[in-house]
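Participant: With the hints as your guide, set chain E onto chain P.
Here is what each chain is made of, one letter per residue.
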Amino acid sequence: MATRGGRSRSGRKADQEFVSEAEEILERMREDYADLDDQRAAGGEVEPDLINRLFRSAHSLKALAGMFGLESIQDLAHHLEDILDGLRLGRVSLDSPLIGLIDEAIHTFANLLESVGDEEALAAFNEPVEDLANRIEASAKEASAGGELQSLEIDDALLRALTEYEEHRLRENIQRGRHIMLVVSTFEIMSFDEGLSELSDSIREFGEVISTLPAPGETPESQIRFSLLVASDLNVAELTEAFDFPDAEVESVREGGLAVEAIAEPSASEPAPQAPLASEQESLRSISETVRVDIHKLDELMILVGEFVIQRASIGEIAARLLAQPQNAKIGAELSKIHKSFDRKLKGIQSAVLEVRMVPMRQVFDKVSRVVRSLRRDLQKDVRLEVSGADTELDKLIVEELVDPLMHIVRNSIDHGIESVEERLAAGKAAQGCTKISAFQRGNHVVISVSDDGKGIDRAALLARAESLGLVSADTELSDRETLNLIFVPGLSTQVGVSETSGRGVGMDVVRENVAALGGAVEVESIPDRGTTISMTLPITLAIIQSLIVSVGEHRFAIPINAVHETLLIDTSEIQRSEGRKILNLRGDALLLRSLAEEFELGVSESSEKQFAVIVGLGEQRIGLLVDSLEGQQDTVIKPIQGPVKNMRGFSGATELGDQDAVLVVDIASLLEDALSRKESA
Amino acid sequence: MSAVRPSSDEVREWDDLARSASDRGDSAESFDEIHQLLCFEIAGAPYAVPVERVREIVRMRPVTPVPRTPEVVRGVISLRGEMIELIDLRRRLDLGSIEPSRRTRIIVVKTDDDEVVGLLVDAVREVLRVSDEAIQSATGSDTGAVSELCTFRDEFVSIIELDRLLALDA
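Listed in order, the protein sequences are those of chains P and E.
One gets our numbering by counting positions in the first sequence from 1 and adding 95 to each.
One gets our numbering by counting positions in the second sequence from 1 and adding 14 to each.
Just to be clear, a hint being listed does not mean it is correct.
Stated by the list, open to error - Subject to a maximum C-alpha distance of 27 Å in a straight line, what follows is the list of computed DSS-like cross-link-like pairs (lysine-lysine):
id, chain 1, residue 1, chain 2, residue 2
1, P, Lys440, P, Lys462
2, P, Lys392, E, Lys124
3, P, Lys491, P, Lys392
4, E, Lys124, P, Lys677
5, P, Lys462, P, Lys442
6, P, Lys491, P, Lys741
Hints listed in this document are in silico derivations from the structure and should not be mistaken for laboratory results.
On a predicted model such as this, the values are computed, not experimentally measured, just so you know.
The following block holds chain E by itself, in its conformation from the complex:
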């Protein structure tokens, strides 16, 4: 049931991202600890989650709203027969809500209890390879979802703390 089935466009997109990151081979080899992060965009700003938590990236699809759930839960999507909750990351980060566009993506991440959940993001950018050195604690977080920042090409990327992000009080 959990086996990822043969590549759809979406799966290929994810593979390409991962490959181009390792091809770049950034100068990070000399450091002890290399982190791979999937970088995406919300309200024009970059955010990232560890790639090992990402199962796949899919395009927007029909969403069935679930009554009596917190606003951040956009609803349920059916992914090859699996029923998965979709979290609106914009709403979760208190950044309002927008209509889905061509660039809108759903990042399917693994939760800590062996399930998956979909995160709705404005767009997916690339996979980053960064060293420990590039990561620093966040300056504070209003929504409790960002714990660390990483610098990449003169830009601060907010690293999402998935387990805290997903601790929703229903």
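Okay, chain P solo, but in the shape it has when bound:
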């Protein structure tokens, strides 16, 4: 009994392992296929690397399924690998109906993965999988029929050195009328790999490197010669001019232009050669060079590093204390030296750990694109999605938490923002609406914005609804921004009939809450009939942050340094008042001041004549926080506060300073919001 239980447990674990790894491969395939489809639809040339990547993914999936004994998946992957191999070797045309089968196979894999671990459910797929495999085989036969080998007008010796794939790339380039050249250069044996990749990289800016071959010829013993077979739109003279490699000789192999009328591909009747060994090895290597890590393990690592950072500060303090005592100054100096070197290394570890956690926004954007595709269909709206800044990196944790808010904003944009085609045409706009998602880094923050060219937010409807709910009295005058900010009030939605898509329950209030929990802020801009932009400003990482420690009376608080713009020592007489609000003339601009003592009801009187103003801001908003003194910067690890009081407005968590001392971390986003939205005098 015990052994059986044990085995099935380990079986389940193996299944999970398989599924998670396979899902990762599948995710890559989906992305690559989507790109392939786009490039194909755009009518241009399809990036050869894209097909290579798809081929390698199918190959990895096949190997993986084989390892776990999942035959149906292995079999389908094998067939898919065949099509892709044909495609990359040019045996299958990109216009072939086979391309559609790739998409179908990817979908089938997704279904199969869901059933892994459930024998019956898997068995139910046997028939459709077999059917798909047969169809692939049948169309593969059709696609590869016909075709004849013709001369390329290229030296046979050179041709013989090429793999089948390289030969295909050569044909492809000749067909496109490119110039074919050999770039020959000599390298020091000790460092030829660096030199070679430098050369290849600079050539790639102007064309494709089809193959790299050792070149014959006299060379001193310590040197080695290589020739690169290159295809480019530039001719020999132009290429020599364009790339900066004085040592390299460029010779023409074949002039460009469409001289050869029909360069047919080798016929299928020839025995299909084995896939080149080199690429097989490459595919295996690419798997083993990445390690999959549970994000929680990274969290643990992060916490440990965070604790180190705090302890490092105490070591620094001890060193400083020793240095101050004449009898211990020598030991103090030694300790201080060690502390400095420790500090440097710790910073290295810290940034390495942080870097591991960073992932590009692409993952989220791809998810959003998929949802947009189905939204377009369901809502019957003609919308184009434009994405930019997909390579912007953010902490994995933030990215995960961001999916729902972003999805919600995009749904809103398409559902409520973009008008119907009739409305758009009537308003003199292009029939097709456009929603743009972009991400970019600004200092320590990443700004992610969603904008559309739709009808904008209907202020009147928003106000009317706020009034009917008793949130705003009819005679209050709200500024345009205050009116727009009503969308963040729970229960307010301008659209009277809430549609299926934007749903009920989750609103912009939840979006704002989620973003605030990540230490970020949401802003809205909207121009009637022109469109709406919603931007989220988020910190790049949540893990270890620098904080400014301030004190008010006996209380200490930590302010995340990425929100601090500057600090000023001001005389209380400089503070002016308007409606009881404190205002400071900051280089001509009126800056709203909030006293932390008042804000947090600390019961501390501000008796001193001098106070510090900490100017904080997120996005475009700024306020000054008045405190008694500044205690310096510290590395801090912000921890959530556990306990029954969930809504500690004004604080995002706490951090430990020194021994057992908890210091509250001020949530700048909520302070800004409270300060800037308050309508009654303080």
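Facilitator: Just chain E now, kept in the frame of chain P:
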């Protein structure tokens, strides 16, 4: 993160309490249902919480007050890097407030949503093993925190209903 680290004095104190309760082996074995309760003192009277809700008992340590929270929230304590709210049980039970003494303890209990919270009590007494028979409904509760009483050595021990105790309206 949640793993309890090697025994400090405080952890040992908790282990000792638990061990001495099971060593005593009171005559309760014959009953169907045995409850283990951690008994502590507030304003001279005994109170108890189920031991399975207790994670550890620690001595008083620095407390950082949290602005704009109900009075019963004494503040936040840092426990090996975890940030935990500290509830003043005296205030929660409307029994005023006193300065911490040598006997003051923080009982760290698990909340129903997988977090922990600290309860500040005057002193910790022992772990009780009591049967169903010894437990009766409370005669009413002014603060909503006590639901049952149990008799132990001729004394009534008030059993704290943790989930109701922790339902604070912030």
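Participant: If a hint holds in the structure, say so; if it doesn't, say that too.
Facilitator: So, going through the hints one by one against the coordinates:
1. Note on Lys440 of chain P and Lys462 of chain P: the hinted pairing is violated, with a Cα-Cα distance of about 38 Å set against a maximum of 27 Å.
2. Note on Lys392 of chain P and Lys124 of chain E: the hinted pairing holds, with a Cα-Cα distance of about 24 Å set against a maximum of 27 Å.
3. With a C-alpha separation of about 13 Å, the suggested pairing of Lys491 of chain P with Lys392 of chain P holds against the 27 Å cut-off.
4. Note on Lys124 of chain E and Lys677 of chain P: the hinted pairing is violated, with a Cα-Cα distance of about 44 Å set against a maximum of 27 Å.
5. Proximity of Lys462 of chain P to Lys442 of chain P is assessed by CA-CA distance (about 34 Å); at most 27 Å being required, the pair is judged violated.
6. Taken as a hint, the Lys491 of chain P and Lys741 of chain P pair is honoured in the structure, with Cα atoms around 25 Å apart against an allowance of 27 Å.
Hints 1, 4 and 5 from the earlier list are contradicted by this structure; the remaining hints agree with it.
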